[in-house]
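Asks: Which chain is which? The protein sequence lines are P and Z, in order.
Take 1 as the starting number for the first sequence in this note's numbering and just add one per residue.
Take 1 as the starting number for the second sequence in this note's numbering and just add one per residue.
None of these hints come from the bench; they were simulated from the model.
Derived CB-CB ranges, DEER-like:
#1 P:SER63 with Z:GLN79: 34 to 40 Å
#2 Z:ASP17 with P:ASP73: 43 to 49 Å
#3 Z:SER60 with P:THR85: 43 to 49 Å
#4 P:SER71 with Z:SER67: 34 to 40 Å
#5 Z:ILE31 with P:GLY55: 24 to 30 Å
#6 P:SER17 with Z:HIS70: 38 to 44 Å
Only pairs whose alpha carbons sit at most 30 Å apart, straight line, appear in this in silico DSBU-like list of lysine-lysine:
#7 P:LYS43 with Z:LYS103
#8 P:LYS58 with P:LYS43
#9 Z:LYS107 with P:LYS43
#10 P:LYS77 with Z:LYS42
#11 Z:LYS45 with P:LYS43
#12 P:LYS43 with P:LYS13
#13 Z:LYS103 with Z:LYS42
#14 P:LYS43 with Z:LYS42
#15 P:LYS105 with Z:LYS42
#16 Z:LYS107 with Z:LYS42
#17 P:LYS58 with P:LYS13
#18 P:LYS77 with P:LYS105
#19 Z:LYS39 with Z:LYS107
#20 P:LYS105 with Z:LYS45
#21 P:LYS105 with P:LYS43
#22 P:LYS58 with P:LYS76
#23 Z:LYS103 with Z:LYS45
#24 P:LYS58 with Z:LYS42
#25 P:LYS105 with Z:LYS103
#26 Z:LYS42 with P:LYS13
#27 Z:LYS42 with P:LYS76
#28 Z:LYS107 with Z:LYS45
#29 P:LYS76 with P:LYS105
#30 Z:LYS39 with P:LYS105
#31 Z:LYS39 with Z:LYS103
#32 Z:LYS45 with P:LYS77
#33 Z:LYS45 with P:LYS58
#34 P:LYS77 with P:LYS58
#35 P:LYS105 with P:LYS58
#36 P:LYS77 with Z:LYS39
#37 P:LYS43 with Z:LYS39
#38 P:LYS76 with Z:LYS45
These numbers come from a predicted model, not from an experiment.
Heads up, the beta-carbon is just placed ideally off N, CA and C, and yes, glycines get one too.
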Amino acid sequence: EVHLVESGGGLVKPGESLRLSCSASAFIFSDFGMTWVRQAPGKGLEWIASIVPSGTDKYYADSVQGRFTISRDNIKKSLFLQMNTLRVEDTAVYYCARDPCRSAKCYLNSWGQGTLVIVSS
Amino acid sequence: DIQMTQSPSSLSASIGDRVTITCQASQDINIYLNWYQQKSGKAPKLLIFDASHLDPGVPSRFSGSGSGTHFTFTINSLQPEDIATYYCQHYNHFPLSFGGGTKVEIK
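All chains should be modelled from the sequences, with the hints used to inform the complete structure.
Replies: Quick look at the structure:
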């Protein structure tokens with residue numbers, strides 16, 4: 001069974017940085033696009049970043065462009081989200097999700113349980 | 001960027017009812033539309049991809065239709081376990097985006 005486990009969330013102050021990780025198992029990680037989606041408390045889903053299987057192409061939402069960096073390590077079967085210059089409005093549960101298309105632009109058919117990031121002074 | 005408008009934002013229906021949710025895209029997205037179910041405190045789950053294809057293991061009471069800018073998601077015979085929020089999502093091109101969600105409750 002496909003398994004995705006996020007980690008790295010926590011409480012940080014505005015302007016600080018945080019690095020999220022997503023560990024994958026039970027599928028060939030290097031064959032799949034991967035995506036980060038977040039959900040602010042009581043709000044809907046927001047797509048924030050995607051990466052193709054090779055890691056060469058990356059895509060970002062305007063809300064995080066220039067502050068967040070998505071990356072992956074196919075040997076370690078891990079996905080990352082480096083979040084810099086965090087803002088209060090970045091407070092959310094962050095989910096990693098698997099995309100079966102090599103374009104990383106398809107559908108998200110497996111999701112992790114999410115990790116909570118709180119940005120507060 | 002493509003905006004996805006879902007309606008209604010919430011609904012209340014009885015067990016056994018047919019429930020319909022619509023999703024409107026701000027521009028033509030062909031059939032590049034997915035539907036997800038999110039139960040309280042849980043991660044989203046893919047139900048339908050490419051507008052009308054049921055993900056394996058998803059009950060057949062769920063269905064989707066549409067193309068272009070107008071899409072419909074239907075639950076035939078609402079069950080207690082269908083209580084959740086449902087989201088549409090386009091993948092015509094980046095940036096991807098989700099609709100605002102429809103919260104389904106039991107009357």
